[in-house]
Amino acid sequence: MSDLSARGPEAVAITGIGAVSPLGNDFDTIATALLAGRSGVRSIDPGEFAREARQFAATVGEIPAPPAGLADAEAFAGLTRYERLCASPVAHALADAALPGDLDPARIGLVLGLGAEHLKAWELDHLAGGGEVFAPRAADTLVHRLARLVGIRGPAATVAAACASSGYALAIGRVWLRAGRVDACVVGGCDVLSPTALAAFYNLRALSRRGDDPALASRPFDIDRDGFVMGEGGACLVLERSGEARRRGARVRGELAGVGMSSDAAHMVTPCSDPAEAARAITLALADARIAPAELDYVNAHAAGTPVGDAAEAAAIRLALGPAVDGVPVSSTKSMSGHLISGAAAFEAVACLVAIARQAVPPTVNLDRPDPACRLDHVPHVARPRRVRMTASNSFGFGGANLCLVIRAA
Amino acid sequence: MHARPSSAAPADSQPVGIACHAVVEARLSELPRLRDLPSPAPAPALPSRFLRHADEQTVVGLRAVLAAIASHPLPPPSFAGYGVVAAPCRAGRFTAAQSLAMLREGGGVTVTPHVVPQCSLHSLAGAVSVALGMHGPNIGAGGGRHAVAEGLVAALALVAPEASAPAALPGIWFVATAWDDEPALDRTGRPQGGAAPEPRADDPLCRGLALALVADVANGMAQPLRLSVRAAAGARPARLHDADALPADARRAGVGGTRGPEAFTAAADIRGLAVALGTPAGAWSLRCPWGDEIRLESPAARGASDPRGRREAA
Numbered sequence: 029m030s031d032l033s034a035r036g037p038e039a040v041a042i043t044g045i046g047a048v049s050p051l052g053n054d055f056d057t058i059a060t061a062l063l064a065g066r067s068g069v070r071s072i073d074p075g076e077f078a079r080e081a082r083q084f085a086a087t088v089g090e091i092p093a094p095p096a097g098l099a100d101a102e103a104f105a106g107l108t109r110y111e112r113l114c115a116s117p118v119a120h121a122l123a124d125a126a127l128p129g130d131l132d133p134a135r136i137g138l139v140l141g142l143g144a145e146h147l148k149a150w151e152l153d154h155l156a157g158g159g160e161v162f163a164p165r166a167a168d169t170l171v172h173r174l175a176r177l178v179g180i181r182g183p184a185a186t187v188a189a190a191c192a193s194s195g196y197a198l199a200i201g202r203v204w205l206r207a208g209r210v211d212a213c214v215v216g217g218c219d220v221l222s223p224t225a226l227a228a229f230y231n232l233r234a235l236s237r238r239g240d241d242p243a244l245a246s247r248p249f250d251i252d253r254d255g256f257v258m259g260e261g262g263a264c265l266v267l268e269r270s271g272e273a274r275r276r277g278a279r280v281r282g283e284l285a286g287v288g289m290s291s292d293a294a295h296m297v298t299p300c301s302d303p304a305e306a307a308r309a310i311t312l313a314l315a316d317a318r319i320a321p322a323e324l325d326y327v328n329a330h331a332a333g334t335p336v337g338d339a340a341e342a343a344a345i346r347l348a349l350g351p352a353v354d355g356v357p358v359s360s361t362k363s364m365s366g367h368l369i370s371g372a373a374a375f376e377a378v379a380c381l382v383a384i385a386r387q388a389v390p391p392t393v394n395l396d397r398p399d400p401a402c403r404l405d406h407v408p409h410v411a412r413p414r415r416v417r418m419t420a421s422n423s424f425g426f427g428g429a430n431l432c433l434v435i436r437a438a
Numbered sequence: 143m144h145a146r147p148s149s150a151a152p153a154d155s156q157p158v159g160i161a162c163h164a165v166v167e168a169r170l171s172e173l174p175r176l177r178d179l180p181s182p183a184p185a186p187a188l189p190s191r192f193l194r195h196a197d198e199q200t201v202v203g204l205r206a207v208l209a210a211i212a213s214h215p216l217p218p219p220s221f222a223g224y225g226v227v228a229a230p231c232r233a234g235r236f237t238a239a240q241s242l243a244m245l246r247e248g249g250g251v252t253v254t255p256h257v258v259p260q261c262s263l264h265s266l267a268g269a270v271s272v273a274l275g276m277h278g279p280n281i282g283a284g285g286g287r288h289a290v291a292e293g294l295v296a297a298l299a300l301v302a303p304e305a306s307a308p309a310a311l312p313g314i315w316f317v318a319t320a321w322d323d324e325p326a327l328d329r330t331g332r333p334q335g336g337a338a339p340e341p342r343a344d345d346p347l348c349r350g351l352a353l354a355l356v357a358d359v360a361n362g363m364a365q366p367l368r369l370s371v372r373a374a375a376g377a378r379p380a381r382l383h384d385a386d387a388l389p390a391d392a393r394r395a396g397v398g399g400t401r402g403p404e405a406f407t408a409a410a411d412i413r414g415l416a417v418a419l420g421t422p423a424g425a426w427s428l429r430c431p432w433g434d435e436i437r438l439e440s441p442a443a444r445g446a447s448d449p450r451g452r453r454e455a456a
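Those sequence lines, one after another, are chains X and S. Each residue of the first sequence is one higher than the last, beginning at 29 in the numbering used here. Each residue of the second sequence is one higher than the last, beginning at 143 in the numbering used here.
Just chain X, with the same shape it has in the complex (with noise of 0.2 Å):
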């Protein structure tokens, strides 16, 4: 066994980005959307069940397939649109990272978010004229297929706190690195737009039902905002040990710095208004970082454009940062990208690696009146050219899930 003790936390390495969404399905195409302040929220064909007015969302079109020799492309070409859509962005971040040919598959790890893989999988069979939801029979997920699918044979796991899904998988991966289970972990997450899902999300008063302007609908922090857009999407990083990055001379394109975890412990649906817990995992996150609140360059909210919710997380960022907050922005990108659920946490991380990137903090567009019970240093409309080294993101999910990751610049 060896001395983990003695090893100590390692800093972890971001050197693969793979991502499928409505603004794109690379880093260049979604960093250049992000920061023009480019709606993906579109009318969509409402299909045979829709029969009320919630026909938009942030949807994806095509979906790349890997790239060649990393999958087998028959294989890739008979998954369903939601495995395609998962599949895409872990091979593709795989590629973009580069791993030598020679790293033995038993060391890479593998953790995907997918909140409601089931119930997806069900969806589709049963709209097909499948039974596999009133009689299921055995068969492995999707984490474990995918691994295979792209040669991934070490440890493989699903993890689910609803709309932070995939952040958690970050965690997971994080925490496997730090203590020598794998040597570099795919980790991230996708959802698919699904019509349960379009009509529970619409029957619980959490969907804007701005259907005269799509792509005025998504407000998150705005006064007049009503609910969150559906979105599909995702996003998969590849993480290593920084040193070992380095070392084999990898592209570094940030770190993941600090993971702060916490639940609200309050309500299995309705964000808690006491915004102590969801400070928590803030103040958590800058500690394991290391870093003090007012070295933060830029935080991207979870937002996602609903009463309640948009509040209580301004209200846990005011209490997390303190006096620094006036001099953080703070910006929600789901105003663009839609809400991609499973696949949000992983996805706003990129959005991350583009402030950095690009040294400038993207936008939260349709913020025409911040509403004051929001009140932070807002980027209205249009993009913030600034230093950014050091971001944080925060994701929440049903349960009282609370996560925020502190990335900063390699």
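Please note that the accuracy of each hint is not assured.
[What the hints assert, rightly or not] Covered stretches of chain X, as calculated for chain S (at least 3 residues, CB under 8 Å):
{"#": "1", "stretch": "137-147"}
{"#": "2", "stretch": "185-192"}
{"#": "3", "stretch": "203-215"}
{"#": "4", "stretch": "296-310"}
[Stated by the list, open to error] Facing chain X, according to a computed beta carbon distance under 10 Å, are these residues of chain S, among others:
{"#": "5", "residue": "188"}
{"#": "6", "residue": "192"}
{"#": "7", "residue": "246"}
{"#": "8", "residue": "286"}
{"#": "9", "residue": "292"}
{"#": "10", "residue": "329"}
{"#": "11", "residue": "334"}
In case anyone wonders, no lab produced these hints; they're calculated from the structure. We treat Cβ as the ideally placed atom computed from N, Cα and C, and that holds for glycine.
Since chain X is already given, all that's left is putting chain S on it; use the hints.
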């Protein structure tokens, strides 16, 4: 074919102690009663009607946590700082089936808003956290046939000393649930044959397992049971960037998954661990799909008995 030597040797995990544990077995017909059953003393009472919209596996899993707390030989400590990793298997299937049937019949307006928050992979972990006031992270894990392996590996990683978190968790609850045989549902999403008024031998059985895992195995309580992960030995030769290097069965599985008459292994894993926990000399190990081995160290080697366990049939 060569495998590059790893810069860090495959690392076994530090052992983690089990402070208390319990197993609950409930038949489908017993679940309505279990939703409203008072907590066993001295476990805390649940909020009124807390489980009204909860998934069936949430009912059983939360009951297992309550039973484990009740089994604690000392006045149970505060669990406020604990986290929760919960690994249900195909959670939410009943509600999903009903929602899909209603969606087809009556459109989106008929879909229950509870299907996502109460009947998803995260829901059991969230329910344990909310019901018992636990402020550590709450995470769902697994979801399928390898749920126990995935959940345990995630839980052990978060609570083990090598996690190196700034605010180390005092402990974490691991909860696993699964049906021995997945109940067949009719086309409205209800169990075929309806719910039996009384338990029957052929009534589907749901198992719930709860373990309170603590990192400090050397504390004054001298935890008699320990869990650890033994890393897979040796490198396995396969190139990363060449799908052709994979065995044919793996390539096929990448397309459609492994289908067939296999047992639902999550239920078997829960059953096996439950048996070991209930036997002073019981030993148990679980081979993960990626080769690691999760091992339960029983107190038998130290000649101790384990008072910290409870088995409850609903």
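Quick rundown of the hints versus the structure:
{"no.": "1", "hint": "137-147", "in the structure": "holds (count 6)"}
{"no.": "2", "hint": "185-192", "in the structure": "holds (count 6)"}
{"no.": "3", "hint": "203-215", "in the structure": "holds (count 7)"}
{"no.": "4", "hint": "296-310", "in the structure": "holds (count 4)"}
{"no.": "5", "hint": "188", "in the structure": "12 Å, violated"}
{"no.": "6", "hint": "192", "in the structure": "9 Å, holds"}
{"no.": "7", "hint": "246", "in the structure": "7 Å, holds"}
{"no.": "8", "hint": "286", "in the structure": "4 Å, holds"}
{"no.": "9", "hint": "292", "in the structure": "4 Å, holds"}
{"no.": "10", "hint": "329", "in the structure": "7 Å, holds"}
{"no.": "11", "hint": "334", "in the structure": "9 Å, holds"}
Hint compliance for this structure: hint 5 alone is broken.
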